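Q: So you can see what is in the structure, the chains are spelled out below.
Number of protein chains: 2
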Amino acid sequence: MVVADISEGELVRRIVSRLGTSRAIVGPGDDAAVVAAPGGSVVVTTDTLVHGPDFRLAWTSGHDLGFKAAAVNLADIAGMGATPTCLVVALALPPSTPVSFVEQVADGFRDACAALAPACAVEGGDVTSSDTLTVAVTALGDLGGRPPLLRSGARVGDVLALAGDTGLAAAGLAILFDRFRVDGKPMPVREEELTQSESRAVSAQLAPHPPIALGVVANAAGAHALMDVSDGLVLDARRMADASGVTLDIERARLDPANDISLRGGEDHALLAAFAPTAVVPEGFRVIGTVRPRGQASVSVDGIPEEGPGGWDPYRDWDGVIG
Amino acid sequence: MVVADISEGELVRRIVSRLGTSRAIVGPGDDAAVVAAPGGSVVVTTDTLVHGPDFRLAWTSGHDLGFKAAAVNLADIAGMGATPTCLVVALALPPSTPVSFVEQVADGFRDACAALAPACAVEGGDVTSSDTLTVAVTALGDLGGRPPLLRSGARVGDVLALAGDTGLAAAGLAILFDRFRVDGKPMPVREEELTQSESRAVSAQLAPHPPIALGVVANAAGAHALMDVSDGLVLDARRMADASGVTLDIERARLDPANDISLRGGEDHALLAAFAPTAVVPEGFRVIGTVRPRGQASVSVDGIPEEGPGGWDPYRDWDGVIG
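Chain order of the listed sequences is A and B.
Here the first sequence is numbered in the numbering used here, starting from 1 and rising by one per residue.
Here the second sequence is numbered in the numbering used here, starting from 1 and rising by one per residue.
Same shape as in the complex, but just chain A:
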């Protein structure tokens, strides 16, 4: 059974039935949802996954797709020092999409919320027909009366701290590209050919588990600046440095692994924070460097200006293969 075989209303009912308990004042089913905003403001972000540049169906299950689409949006809420409260999901589906695949996507959203942000659920959405499978997600969050943590808040003398992985998702992508393609075309992953650490890397790429709960922890601990590291540590650190008018110096030996993939690999959605030198860096964060007066480069590694390439650009970097 494919989505063209059933009505839009029936498809929506099947999705909603799998989303778990609504956390909202008004959940799915009316013109809009109504979500509590006890802090008197709401944090909002949107991020889209498109079949082709962002995922390939040979590698990504419906469950992975929903899980990742949730995780990358939750990470942007965490990156503001807020708690995720709600997701809304727009699914654009080719008529030939199996209904069971869409149900797995819904399961992935439910399981990502349960695992990463238990106060959050999918509270609304939209289903449309399209030639290109697209998952557009908007996440809302609440600051609980605390200030938002911006990229521009890092101060000279602060310590630079990281929560979560760097380089793991990129290592997973490299395994997929190197070993599970034939003539450039993605092929299903043969789990039995992966070591345990390779399997962990592939999972980090396909269904990442960012440290969502540590965003609000950093805020409660008085962090000066915070951001989601989505495009690679050096590239995102450069954004924080430029917004703050400082140079961020990273100590390579403090990264794990202490090599280039940790500096440049994207899609792990670690949290990068700047804390006052007197602050107690909260559990889950580890110190990886210091905030210095603005020098010749935005970012340095072991004191040496870092001018290497940035991260992923979909128009420049996508090879055009759908898969």
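Derived by calculation from the structure, the hints in this document are not laboratory data.
Do not rely on the hints blindly, as some may be mistaken.
[Said to hold, decoys possible] With the C-beta cut set under 10 Å, the calculated list includes, among others, these residues of chain B facing chain A: (1) Val26; (2) Asp30; (3) Val34; (4) Ala36; (5) Val42; (6) Cys86; (7) Asp126; (8) Val127; (9) Thr128; (10) Thr132; (11) Ala136; (12) Thr138; (13) Gly141; (14) Gly144; (15) Glu193; (16) Pro277.
[What the hints assert, rightly or not] Ranges of calculated distance between the beta carbons of each label pair, as one might list FRET restraints: (17) B:Asp242 with A:Ala115: 28 to 38 Å; (18) B:Glu251 with A:Arg146: 34 to 44 Å; (19) B:Ala276 with A:Pro98: 46 to 56 Å; (20) B:Ser17 with A:Pro293: 26 to 36 Å; (21) A:Ala115 with B:Ser199: 46 to 56 Å; (22) B:Gly145 with A:Gly222: 28 to 38 Å.
All figures in this text were calculated on a predicted structure; none of them were measured in a lab.
Built from N, CA and C at the ideal position, the CB exists for glycine as well.
Put chain B on the given structure of chain A with help from the hints.
A: The following block gives chain B in isolation, referenced to the frame of chain A:
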């Protein structure tokens, strides 16, 4: 110049520069935006326009596309009795999309907010590459401490009232399908061949102006129920009737025009409200019927049960032509 010629960052800068003044606590540029929610809750909805089923580029300019994508989402916020406060926009763009087209889309969003919801602006977004041009919008709104107006609130004895047009956008779509296609393929509109009223209908289809400000007016006037009429008056009235456990009786003579297109035409985004019989129906709304005890059908017209077809279903109704 097409989007593949410039970086993602440069494209985002060009879009943001055209969006007008941010109304938010934190506007575009960080991991997420932060928007005031003075009422202690936030209304949230999402609606997507996909090239093919939802619009054809032969008929729709970039400005129309941005304007309509904003308007249809603002209407869902109004349909809850709330004031729109913020839009976030995910654009999935083929690499061959002209940059000037994307800039016109941004202009359309800005102009729709200015015309329909002056307290609202685009405060964040996402740009990705895709084979299918897709505009996924999420709108937020604030209830100002009032209750949300649900579909389930209509009570027996209430008057049924409507604000905005019915049938006009459908008349416009019929003109486009009948007169501006060759061999089934959409062709540019020749404005000089349209009468003034035909031109008004085509505009209502391509860049609708729903009565957004009347949502909160209905709420302040104590409406029992409210909804956005997006799929046709009978179909959406059926949804309100079923949610409320009543029958809605529409008087055909009170519709304008008093014929079938007003009952079944979609995409005008009028507001359908139920007011207590003692309430003063606010200016901008006109009485079109009454709320009756649940009878054999959800909706009747002049007392006769209405069993006609519903509205648009993208999987059933789209002819597959992109255009």
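Q: None of the hints should be skipped; say for each whether it holds.
A: Tested hints:
1. Val26: Hint on valine 26 of chain B: holds, closest Cβ of chain A at ~5 Å, below 10 Å.
2. Asp30: holds, 5 Å
3. Val34: With a minimum Cβ separation of about 5 Å from chain A (threshold 10 Å), the hint on valine 34 of chain B holds.
4. Ala36: holds, 5 Å
5. Val42: holds, 4 Å
6. Cys86: For cysteine 86 of chain B, the interface hint holds, since the closest Cβ of chain A sits about 6 Å away, which is under 10 Å.
7. Asp126: OK, holds: aspartate 126 of chain B within 10 Å of chain A, min 5 Å.
8. Val127: holds, 8 Å
9. Thr128: holds, 5 Å
10. Thr132: holds, 4 Å
11. Ala136: holds, 4 Å
12. Thr138: Threonine 138 of chain B check passes; min Cβ-Cβ to chain A is 4 Å, inside 10 Å.
13. Gly141: Given a least distance of 7 Å, the restraint on glycine 141 of chain B holds.
14. Gly144: For glycine 144 of chain B, the interface hint is violated, since the closest Cβ of chain A sits about 13 Å away, which is over 10 Å.
15. Glu193: Given a least distance of 31 Å, the restraint on glutamate 193 of chain B is violated.
16. Pro277: With Cβ-Cβ at 24 Å, over 10 Å, it is violated.
17. B:Asp242 with A:Ala115: 28 to 38 Å: holds, 36 Å
18. B:Glu251 with A:Arg146: 34 to 44 Å: The hinted range 34 to 44 Å is violated for glutamate 251 of chain B and arginine 146 of chain A, with Cβ atoms some 54 Å apart.
19. B:Ala276 with A:Pro98: 46 to 56 Å: 48 Å Cβ-Cβ, so the 46 to 56 Å window holds.
20. B:Ser17 with A:Pro293: 26 to 36 Å: holds, 31 Å
21. A:Ala115 with B:Ser199: 46 to 56 Å: The hint (46 to 56 Å, Cβ to Cβ) holds, given that alanine 115 of chain A and serine 199 of chain B are roughly 54 Å apart.
22. B:Gly145 with A:Gly222: 28 to 38 Å: Given a distance of about 32 Å, which is inside 28 to 38 Å, the answer is holds.
Going through the hint list in order, the structure does not satisfy hints 14, 15, 16 and 18.
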